[in-house]
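Assemble chain B onto chain A, guided by the hints.
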Amino acid sequence: MFEPQTLLLALVLIPALGAMLLTWAGRWPNWREAITFTTAGLLLVTVCQLVPLVLAQQTPSITLWTLAPGLTLALSLEPLGLLFALIASGLWVINSMYSVGYLRANAEGNQTRFFACFALSIAATMGIATSANLFTLFLFYELLTLLTFPLVTHHGTPEAQKGGRIYLSILLGTSMLLLLPALIAVWAFTGTTDFKAGGILAGHVSGPWVGVLLALAMFGIGKAALMPFHHWLPNAMVAPTPVSALLHAVAVVKAGVFTVVKLVVYLFGVDFLRQSGQAAWLTWVAGFSIVVASIVALQADNLKRRLAFSTVSQLSYVTLATALLSTWSIKAAALHIAAHAVGKITLFFAAGAIYTAAHKTRVSELNGIGRRMPWTMGAFGLAALSMIGLPPTFGFISKWYLVSGAMATANNFALVVIALSTLLNAAYFLPIVYQAFFKPLSPEDEHHPHGEAPWPMVLALSVTAGLTVALFFFPDGALALASRLA
Amino acid sequence: MNWMQHAPALQVVAPLLAAPLIVLMRRLSWAYAIAVAACALAFFFSIGLWSQVQSTGVIAYAIGNWPPPWGIEYRVDALNAFILCLVSGTGMAVLLFSRSSNAHEVPSEQRYLFYAMFCLCLAGLLGMAITGDAFNIFVFLEISALSTYVLIAMGRQRQSLFAAYQYLILGTIGATFIVIGIGLIYLLTGTLNLVDMGQRLSQVDSMRPVYAAFAFISAGVFLKLALFPFHNWLPNAYTYAPTTVSAFLAATATKVSIYVLLRFYFTVFHLDAITPHLPLSLMLGALAIAAMFAGSATAIFQTDMKRLLAFSSVGQIGYIMLGIALFNASGLTAGLVHLFNHGITKGASFLLLGLVVTRLGGTQMSHLSGLGKTMPWTAFGLLICGLSLIGVPGTAGFISKLYLVRAALDLGLWWVALMVLLSSLLAVAYVWKFVEAAYFRPPPEQLPPSLANVTTWDMRLMALLLTLSTVYFGFDTRFTLGSAQAAAQYLLGAH
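Quick mapping for you: the protein sequence lines, in order, are chains A and B.
Here the working numbering is used: the first residue of the first sequence is 1, the next is one more, and so on.
Here the working numbering is used: the first residue of the second sequence is 487, the next is one more, and so on.
If we strip away everything but chain A, and leave its shape as in the complex, we get:
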C-alpha cells in the first residue's frame, strides 16, 4: 500500500504530528484524548504493517540527510528495532487509556502539556528504534531526555525539581561525557557510524581500545541505568504514575538497554567482542547491578521506589545477557526487553491504581487490599511472576534463554547471579501479593471503603497482565524477531 520508506518515516512523524494536533485541541479535553488515541492507534497499525517486511528478511531504510562523509541522518528497521517499536507503540495505546483515567481521577494540571510531551517522547523513541546509525540514535536519545524532562517535573514541586535535576544531569552528563566521545571516536576510527550486522569496528580498533570504547558506550548509555549511573531512575519516580509506567518501564529505560544491545550487536559486533576478550568486565558490572539493586529493592517500603530498583536490576539482566555474547543470550536480551516492558508496566499501572483508589504508596499499607481491588492485585501478581521468571508468564521464556546463554558460555558467575536475583525478586514481590490477599485489612482501613480504580485504568492493567500470559503461550512472533538477531 505504502512504500516501506514512507512507513518508516511515518513512525517518527505520526506521534510528532499528533503532538501538534493535540496541543491545538488542548481546550477540548475529549477531542484531545481522541487525538491521542487515534495517533497511538495509527502508530501501532503502521508498525504492524512493517512486521511482514522485516520477517521477510527485508530492511527498509531511508537516508534523510548527509551531513558529512560517513555522517548521515538515516532510518532503518531491523528486527530488534521492530521489536522495540512494537512494544513501545503497543503499550502507548494501552497507556493512553490509563493516563486519561489517572489524570482525570487525580485532577492533574497541565494535561495538554503532558499529552503533547508524551507523544513527542514516543516520536523520539520511534527515532531511537529506527536509527540507522549511531549519530541518528544519539540525536533521538538526547531528544528523548529533553522531552521527558517536563514529564518528570510535571508536578513542579521542590521534590519534583530535585528529581528532575538528577534525571537531567545524569542522563545528559553520561551521554555527553562518555557516549559522545565514543561516537566521535567511532567515526574517527572507521569513517562511519552506520549499524551493520556483525559490527563495523573489526579491523579498525584493537587491543585495550576496544575495552575503552565499550566502557564509554556502556556507561555512556545512562538510560540503561548500569550502576553507578542508576540514581536518576528511582528519583524520576516523582513523576505521575503513567509517566513512570510508560517512560520508566518502557520507553526511556528500554531505549537505554535497546541501545546497549544495538551497539553490541550492530556496532561492535558480537564475534568481534568475543574474540577481543574485552567484554568480560561488563558481566561483572551488570551482575553487581542486578544483585545490589535487588537488595535495595528488598528494603524499600515505598512501592514505586521498590519497582524502580527492581527496574534497575531487570535492566542489568539485559546488559548481562548482552555481555555474555552467546547466540542464546543475545536472544534473551531482546526477549527480556519485551518481557520486562509488559510486566513492569503492569506493576506500575497497579501502583498507580492503588494510589488513585486508596491513596496508598507504601508496601506496608497494602494489607488486605487484594480483596477490595482483586483485578489490580491479580494483575500485579501475574506481573510479579513474570519478573521472577516463573511460568505461565513471558518472563519465564526470556529467563530460560538467559540461563541457556550462561550455560553455553559456561559462565558460573552469571548463573549464580541469576539464581540469587531470582530468589531476591521472589523475596520482594511475593510478600506484597501475600499481604494483599491473605492479611486482614487494618482497622483504620475498615472505615475508608474503596473499590477498584476507574475502569480505564483497570482495563489497561488487565490487558497488559493478559499480554504477559499470552506471550508465554504464543511467543512465536517475538522469538522469530529475536532469532534474526543472532
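Note that these hints are calculated values from the structure, not bench results.
Using N, Cα and C, we set each Cβ at its ideal position, and we do this for glycine too.
The hints are all genuine.
Below are the DSS-like pairs computed for lysine-lysine, each with C-alpha atoms no more than 27 Å apart in a straight line:
1) B:859 to A:162
2) B:919 to B:859
3) A:439 to A:360
4) A:162 to B:919
If you want the ones that stay clear, here's a sample from chain A, every Cβ over 10 Å from chain B, calculated:
5) 24
6) 45
7) 52
8) 155
9) 197
10) 277
11) 295
12) 296
13) 365
14) 420
15) 439
16) 440
17) 448
18) 475
19) 477
Same frame as chain A, now just chain B:
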C-alpha cells in the same frame, strides 16, 4: 559599468562612508537606516564575492587601477571570502537587533554615534579581511580597534570605561607589535603587497630578521585574537560592552584576527622555512590546549553569564588555534569550521542575553534564575547555544569538534584528541551552571514590570535567526565544511 566588478572595494567603502554620513545626519532614525543600508550592501557584496570565488578562483582588484606591488591590492580568495560572509552576516543580524536593545543599554545622546562607530568597526574588519596589503591591514586594524574601544565604552556601567581602556592599552601594544613586524619585512623586501612579500622573502639570505618579524607579528596577533595567556582584555570587554557589541565582537573581531594570522603565516612567511628552526606547531598547540582548559575552567566559576561566555570564548579560541596548529589540511579545515561555527554560536548566545538584559535588567546568575519560567524560549535558545559550545550532535559545534578530533587522530596524536574531549567536560560544567540557574532555581521574587521592558519583534527575530542557524549549520555543512576545505586547500597549496 558592472557594479559587481568593484565589489571588493565597495563592500569596504560602503560602511566606511556611512560612518561620517551618520555623524552629519545626527538623527537617530536616519543613522539607523544608513547603517542598515551600508551593512546590507556589504553583506550583499560579500555573498557575491563568495560565489564568484567559488566559480572563478582568486579575485584581484587594484585600488585606483594602480597595479599591485605599487598600488594597494584587494585580494579575495577561498579563505577571506568565507570570513567576509561571517563578518557582514553577523554584523547585519547584530545591527538589526541593536535598534531596540540600544534603547536600554546605550545613553540616548550617544545612540546615533553607536551606528557611526559600528559602521567604522565593520569597515575595519572587512578591510582587514579583504586587503592584500600589509600596511593596509594595519590601518584597518586600527580603524576597527579604535571604533571598538568607543563601542565598549558606551556600556552603561562604569566598568565599561575601564574595560575599554584596558583593551585600548593591550590592543595598542598588539597593533604596535604587528606594525614593527610589518616594518621589518618591508626593510627586507621593499614591498608591502602580501603576495609579493611572500615571493621576495623566500630569496632573503639572512633569516634572523625574518624570525624577528615573525615573532613580532605572532605576538601582536595573539594579543588581538586573545590567545591564552594574551586574553586579559577580552573578559572585561565582552562583559561590560553593550550586549550587541559583545555579540558582534565575539562573532567577528577575534575571528578576523585569526584570519590575519593565517594570512601572514601562509602567504608571507614560508612555514617550511620557519618550522625547522622553531617548534611552531608545538608552541601554538601548547598555548591552544592551555587556552582550552584555562578558559573553560575559569568560565565555570563566573557568576555573570556574559563573563562566563567570554571565558568560554577564550577556551573556544583554543580549539580553533589547535586545529590551525596541526598545520595539515584536516586540522586547518577543523579550525576554520570552528571559527565560523563558534562565531555563529557566540553571536546567538549574546543576542539571547541581550533579550534577557532588556527584559530582566542584567545577566547575573541571579537574573537568570528561573529563566526557564520567565523567558522559556530564550532559555531554550541559550540551552541550544550551550549544547553547541559543548559540541553535541545536532548543533554546529558538533561538526567542528568532530573534525578536530579526526584531524588529531589523522596525525596519530591521540592524546591531543583526548585533550579535546576532556576539555569538553569543562564546557559541560559551565553550561550546566546555566541550566541549573535557568531551570532549577525559582524566578526572582520581584520581576521588573513586563510592560516597561519588552523585547521587540526585531530583537526576537534576529536572536531566533542566529539560534536557528546554530542548529542549521549542525546539519547542513555544505557551506561551512565546503568553504573551510576549499580555504585549507588554498592555504596549503599556496606555496
